[in-house]
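Colleague: Add chain G to chain A, keeping to what the hints say.
Protein chains: 2
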Amino acid sequence: MKHRLAIIGYGGMAGWHHSNIKEKIPAIEVVGALDVREEAEAKARENGLHVYKDLDELLLDKTVDLVTIATPNDVHKKLAIQCLKAGKNVVCEKPVTLNAKELEEIIAVAEQTGRLFSIHQNRRWDRDFLIVKKAIEEGLIGTPYFVESRVQGSRGAMHGWRGHKQNGGGMLLDWGVHLIDQALQLFPEKVVSVNAHLFSLYSDEVDDNIKLLLRFESGASMLLEMATNCLILQPRWHVSGTEGTLVIEDWSCKGKIVKLKPDGEMTWEDDIVYTEAGPTRTMAPRPKHTTEEVPLPEVKADWTEYYQNIVDVLDHGAELIVKPKQALRVMKVIDALFASQEAGVGLRVDI
Amino acid sequence: MKHRLAIIGYGGMAGWHHSNIKEKIPAIEVVGALDVREEAEAKARENGLHVYKDLDELLLDKTVDLVTIATPNDVHKKLAIQCLKAGKNVVCEKPVTLNAKELEEIIAVAEQTGRLFSIHQNRRWDRDFLIVKKAIEEGLIGTPYFVESRVQGSRGAMHGWRGHKQNGGGMLLDWGVHLIDQALQLFPEKVVSVNAHLFSLYSDEVDDNIKLLLRFESGASMLLEMATNCLILQPRWHVSGTEGTLVIEDWSCKGKIVKLKPDGEMTWEDDIVYTEAGPTRTMAPRPKHTTEEVPLPEVKADWTEYYQNIVDVLDHGAELIVKPKQALRVMKVIDALFASQEAGVGLRVDI
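Line by line, the protein sequences give chains A and G. Under my numbering, the residues of the first sequence are numbered 11 to 361, in order. Under my numbering, the residues of the second sequence are numbered 11 to 361, in order.
Excised from the complex, chain A in its bound form:
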């Protein structure tokens, strides 16, 4: 039997959910939409959906067993709890809530009702992320100890409601939640300290250019950067491992790995090298014969695996990939990062 899905908040991301499901997930039929804006209702009708007149009508529609919430962030909690209590399974856009406490309330209701609750952390299926994850898992660069993950734009202000604090706007909640979720996937161990520098260059309300430093229990750390004001882009990923370095330049996943050759032992025979920076041993170029370039690993990347997993959980009791408890860790890290910004200093955590 097909699952019947309704979308609450039929804006930009809802169209994305709708068309991806329609194209790739035959086990789900998108049947209805709820929105407070007339133009969104018109768009939903145009796309062949039933438009609910209010939330009650949707909650009472017994033919719908699955709801995707894609509204502004500040109403996620209320809607998720109402849908779960009405017996719906719920997929919620990210950030799932504005803080960890709100998410704990949802999780409690999901456990009471026994319904599925998951968060649309679709960027776990981004090609660039999957390449980094595979390269690390296959030991291609040894043990990773410093990972830089950057998403840089240059269009200035956050768009629409994402620029408003009361809607849960700002870069940390918008893109930060993706990059932190990816970070915790790469380093599933504990986060032991966080340091946030949140700039508000274009907004009086929300952060729009942010730098985050996460330190993990093993000693590795990550720098996460999200910019709206960067006119000369840096690589999407720069990963330092004990045996090599990995770079992915951009979303198209151009990049490479350069690693130490097992038989490429280096000697200090060259002693001091005179570079344009003056005499140096430490920073002199490494002899070419001691390293080799290898291509990035091949991966399969498909965002719709997210919804396929939802179907597999509902129909076959498969393991849920994006778990509420994982999102709770992400939200706790975000809470700590806001606290770090407030304090103007790094904070010790145990997350």
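For the record, the hints were derived by calculation from the structure and aren't laboratory data. Where hints are given, some of them may not hold.
When chains are identical, the list treats them as one kind, so a pair holds in a single copy or across two.
Unchecked claim - In silico lysine to aspartate or glutamate, EDC-like type, Cα no more than 20 Å apart, as pairs:
hint, residue 1, residue 2
1, K333, E315
2, K200, E352
3, K298, D260
4, K144, D312
5, K95, E56
6, K175, D345
7, K310, D260
8, K200, E259
9, K310, D71
10, K34, D312
Modeller: Okay, now just chain G, sitting in the frame of chain A:
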């Protein structure tokens, strides 16, 4: 009258001092050297210098009024104080001492004796640094708010005594002191928090790959990185300003500035753009007509200006460029960074 200079510790850097002075500073004559190693003594003799049999002979040599200390870091303090007390003017290699307290002891003696004491922070005259400083001072990128300064090598371990803790080895004291000194020149305001992640990949004793985050009172912050294990290099400088971005690729100072055009107002008319990363407004490319590329500013860069200033101070009462109090701020930042590493978390400071 020519100043007569003796060098204590005639190793790699001493040769650099010697040849630079000989070539460019006619007001100083390098006349003698003191070292504990026979091969260094031989080298000094070869270069036409008198080789002192011990420190006392040097201190009693009334013809020498200026001493450069270029020994391992752990003996800087003792030697500096002895030289000052013997009436010598003293130039000391960086890091001036192992911590702020040691430097305060030297400063007290310098004040008692009335002799000149300065630190060879020659990288204030690096071309790349001077370009960044000038670009900021001339407002070419608006107000800088995030500056990344990186020195990346790939030869692994620190060389010789720089790999030993008791000699004051390690990357933070070796290169860190330069990059922090430059940072405090770019942002002369107070440092309000520090966060260090010091990795020891190749050494059981000292840090060899380090990431430092400094936050300044104005709200700007800097990421400083020094690596010995980076096989795909990042730019030497990446500077984010409110009106533009500056990049300097490497020591040869290839680079550029991309800035917003005053008449390049951007609209959101494009709405969502479908990139390889999925639909996005915030991260969509900025229309080309709204930005322009401008060349890096021209600068004059000459390391020997350091010694010319020493001569000008001694002969004409000029203002000392590299002041002990500035080095004291740098050492306080370094003390705090070591404390941050020890604590595993960022620390609030007032430096």
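Colleague: Give a verdict on every hint.
Modeller: Hint-by-hint comparison with the structure:
When the C-alpha separation of K333 and E315 is checked against a cutoff of 20 Å, the pair qualifies only within one copy, where the shortest distance is 15 Å, while the shortest distance between copies is 61 Å. Taking the shortest Cα distances, K200 and E352 sit within 20 Å of each other only across copies (18 Å), while inside one copy they are farther apart (23 Å). Proximity of K298 to D260 under the C-alpha cut-off of 20 Å is restricted to the inter-copy arrangement: shortest distance 18 Å between copies versus 26 Å within a copy. For a Cα distance limit of 20 Å, the shortest separation of K144 from D312 inside one copy, 15 Å, qualifies, whereas the shortest one across copies, 47 Å, does not.
With identical chains, the CA atoms of K95 and E56 are never at most 20 Å apart, being 30 Å at best within one copy and 89 Å at best between copies. For a Cα distance limit of 20 Å, the shortest separation of K175 from D345 inside one copy, 15 Å, qualifies, whereas the shortest one across copies, 38 Å, does not. Taking CA atoms no more than 20 Å apart as the test, K310 paired with D260 passes inside one copy only; the shortest distance there is 17 Å, against 36 Å between copies. Within a single copy, K200 and E259 get their C-alpha atoms no closer than 28 Å, and across copies no closer than 35 Å, so neither meets the 20 Å cut-off.
In the homo-oligomer, the alpha carbons of K310 and D71 never lie at most 20 Å apart, since the shortest distance is 37 Å inside one protomer and 75 Å across protomers. Within a single copy, K34 and D312 get their C-alpha atoms as close as 10 Å, which meets the 20 Å cut-off; across copies the closest is 63 Å, which misses it.
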